[in-house]
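Visitor: What follows is each chain in one-letter form.
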Amino acid sequence: MNTLEKLEILADAAKYDASCASSGGARKDSTSGKGVGSTGGAGICHSYAPDGRCISLLKVLLTNVCLYDCHYCINRRSSNVQRARFTPEEVVELTLSFYKRNYIEGLFLSSGIVRSADYTMELVIRVAKLLREKHHFRGYIHLKTIPEASPELIAEAGKYADRLSINVELPKQESLKKLAPEKNVHRTREAMSTINARITETIADRKELRKRKSKAKKPTFATGQSTQMIVGADGSYDSDFLARAGDLYGNFKLRRVYYSAFSPIPEPSVILPLKSPPLVREHRLYQADWLMRFYHYGVDELTSAESPNLDLDIDPKLSWALRNRHTFPIDINRSPLEMLYRIPGLGVRNAKRIVRLRRHHAITLEDLIKLRVNLKKTMPFMICTNHHPARLELSSSELRAKFAPPPTQLEMDFTAQPVTTTVEKNMVKQAGVEALHGEF
Amino acid sequence: MKTISIEPHFQAWRNAARALLAEQCHPSDVLWSAKNDEGDGLLFADELPALPKDAPRLKVPKTFVRLAETVAAHRSGKQWALLYQILWEMSCGNDRRILSNQTDSRLRTLERMRATVSRDIHKMRAFVRFREVKTEQSDKENFVAWFEPDHLIVRINTPFFRKRFAGMNWSILTPDECVHWDGSRITYTDGVEKSVAPDSDELEELWLGYYRSIFNPARLKIKMMQTEMPKKYWKNLPEAEIIEELITGSGEQVQAMMHEQERPLKPVPRNAYLAKLNEMDAIDEPDTESD
Chain A
193 MNTLEKLEIL ADAAKYDASC ASSGGARKDS TSGKGVGSTG GAGICHSYAP
243 DGRCISLLKV LLTNVCLYDC HYCINRRSSN VQRARFTPEE VVELTLSFYK
293 RNYIEGLFLS SGIVRSADYT MELVIRVAKL LREKHHFRGY IHLKTIPEAS
343 PELIAEAGKY ADRLSINVEL PKQESLKKLA PEKNVHRTRE AMSTINARIT
393 ETIADRKELR KRKSKAKKPT FATGQSTQMI VGADGSYDSD FLARAGDLYG
443 NFKLRRVYYS AFSPIPEPSV ILPLKSPPLV REHRLYQADW LMRFYHYGVD
493 ELTSAESPNL DLDIDPKLSW ALRNRHTFPI DINRSPLEML YRIPGLGVRN
543 AKRIVRLRRH HAITLEDLIK LRVNLKKTMP FMICTNHHPA RLELSSSELR
593 AKFAPPPTQL EMDFTAQPVT TTVEKNMVKQ AGVEALHGEF
Chain B
634 MKTISIEPHF QAWRNAARAL LAEQCHPSDV LWSAKNDEGD GLLFADELPA
684 LPKDAPRLKV PKTFVRLAET VAAHRSGKQW ALLYQILWEM SCGNDRRILS
734 NQTDSRLRTL ERMRATVSRD IHKMRAFVRF REVKTEQSDK ENFVAWFEPD
784 HLIVRINTPF FRKRFAGMNW SILTPDECVH WDGSRITYTD GVEKSVAPDS
834 DELEELWLGY YRSIFNPARL KIKMMQTEMP KKYWKNLPEA EIIEELITGS
884 GEQVQAMMHE QERPLKPVPR NAYLAKLNEM DAIDEPDTES D
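Quick mapping for you: the protein sequence lines, in order, are chains A and B.
Sequential numbering from 193 applies to the first sequence in the numbering used here.
Sequential numbering from 634 applies to the second sequence in the numbering used here.
Heads up, some of the hints might be wrong.
What the hints assert, rightly or not - In silico BS3-like cross-links for lysine-lysine, where the CA-CA straight-line distance does not exceed 25 Å: (1) Lys695(B) - Lys544(A); (2) Lys827(B) - Lys410(A); (3) Lys796(B) - Lys773(B).
Said to hold, decoys possible - Computed Cβ-Cβ distance ranges for the label pairs, DEER-style: (4) Glu895(B) - Ala408(A): 54 to 62 Å; (5) Leu196(A) - Glu781(B): 26 to 34 Å; (6) Ser587(A) - Arg741(B): 35 to 43 Å; (7) Lys562(A) - Leu664(B): 22 to 30 Å; (8) Gln657(B) - Lys407(A): 51 to 59 Å; (9) Ser833(B) - Lys568(A): 49 to 57 Å.
Just so you know, these hints were derived from the structure itself, not from any lab.
Note that the structure is predicted; figures quoted are calculated from it, not measured.
Note that beta-carbon positions come from the ideal geometry of N, C-alpha and C, so glycine has one too.
Just chain A, with the same shape it has in the complex:
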């Protein structure tokens, strides 16, 4: 099998992992003249595929041979997919060739589990070690970590990588038991805890060395970890996903939790019938995740026992506002910043601008227009100098009808031509305008 054939199989095998971040690595570059590469600034998306996902890293598996039988995964042992295997040297060569042509920011390497967790982890580490030590590669390296690998190996992986990740895959152990019998939430959390401890420890050590102005070589370790959950493969509620995300952000300081809509694969399992991917649901989860991280919303504010799933028709912030009409309208000239965060249509950046601006003068609608605030969405919920909505002028259900798209099918339907539905279109528009820039 030649390199192209292997690459096609092993990239295809890796594409269901949504993680693409290449930002937040420790600052390093190749000024010394040895090798190539730089990291430390914002990540760069070097290309985009027609699925709208960015291509930032060479995302491949070392091998798609796997002992595990995870039913959502194309590489599970019961799948008849064609198997291939890269040597560590082949991955190194590909990474460097792609990097030198400015196709990528670095490498995201994962692997099927062969022989044992430790054996697989060693192979993965070997690639990173060759890149860093033999070729002085200063680009971004993201390594998938196996929770059952020995702590020494995880420590070594972290030494070469900018980011480590372990996918929890599903929010609850009972779901894993059905769909990914070899995986275990408890062990994954343990490993995440170990990684988090190493990250914190390394930061402290480096700080100490800097303080003492020591010339000693500073220890290196990945600067962050992330994870992924598959949405729509089983009956888990959005509240389960968000609770798990809250757990991981809170306890192990994860940089990102990715949500990946369960997508049809060419090798369906008898345990898990295929369906079209719930893209709108995935999008709402990202929005809710964003609200938790940057707008200080609690999991219990976004979902409840009665409605454990997010509203598909309107975004979770608007949804919260409609359920909590008594909080509104909020006076943007007087209310604290945290309250401004709650106004639908007003993002973090504009909320902060308003707080700065109102020291100069009282905010008017004209100011908001200049700041390009989405007035249609904002006006029913706020008071400013020349605007005061009559309290409860419109009922929540009337407002809802105003913002929600007309009822159409919510998910892509493969029996139809690939025309995008209204929801789909709104979603893409919003994803561009809102989710990516954190303004909604």
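Assemble chain B onto chain A, guided by the hints.
Guide: Below, chain B without anything else, positioned relative to chain A:
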């Protein structure tokens, strides 16, 4: 009324602005033009007043300098007058805190220019594609890229490419100017035409293979792709030539998947590690955290 003609970069504007300010020249009395503009500005330009030796050092906030450095790259040339107006307000006018006034229309225009230039800078870092050029003399690899920036950003981006690709020789050719790195020194030459740049690289077959395989046909989102990678860039991206083909084929691919027979389970292989996992499952505590 003075007509000031400057080279289109930050330093030239800064020198001119300092001299004008020393003469208390009001913004409404100055007409700015850039030297690369064809004709007029050059012919009728006034002599720039000499900067007096005892001219006071101008103190402006760092944020203004950064804004000016970035918008200086804007191709329109409209930034120079606006920058001078803001500088005037801060030093001689009566609104010294103008920078914190986010609703000032001139500042908003400048901010929008900055956003446009910054985006262009970022997209150049993303979409430059190097092609290898084999030479017999050098033991180092040589790479050449062709890029068409919207604004005059080549010099702003040079440090980025120098730090990233220090270990190889490279050139980036553009219609405005070209930048070259030979492992120890950066040099600039005049802009060239696209035909000068290499038109292929054997690695591109692998890159296209990767692009094809990493695409998931079950989640087509063409608009999303085009928001981030507008069509104007496609002509210089090797992978763009297969976009149409991928989109057209996606529906069929997904149909085929949906009609695929479900695969039965294969027996658990005999493997010591899997056996160990089984044991671990038995002793692992129940997942109490998920409650």
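Visitor: Next step is simple, just say for each hint if it's right about the structure.
Guide: Going through the hints against the structure:
1. Lys695(B) - Lys544(A): 20 Å, holds
2. Lys827(B) - Lys410(A): Cα-Cα ~46 Å, so violated.
3. Lys796(B) - Lys773(B): Between Lys796(B) and Lys773(B) the Cα gap is close to 17 Å, so the pair holds against 25 Å.
4. Glu895(B) - Ala408(A): 54 to 62 Å: Given about 58 Å between the Cβ atoms, the range holds.
5. Leu196(A) - Glu781(B): 26 to 34 Å: Given a distance of about 30 Å, which is inside 26 to 34 Å, the answer is holds.
6. Ser587(A) - Arg741(B): 35 to 43 Å: 37 Å, holds
7. Lys562(A) - Leu664(B): 22 to 30 Å: 28 Å, holds
8. Gln657(B) - Lys407(A): 51 to 59 Å: 53 Å, holds
9. Ser833(B) - Lys568(A): 49 to 57 Å: 50 Å, holds
Comparing the model with each earlier hint shows a violation of hint 2 alone; every other hint is respected.
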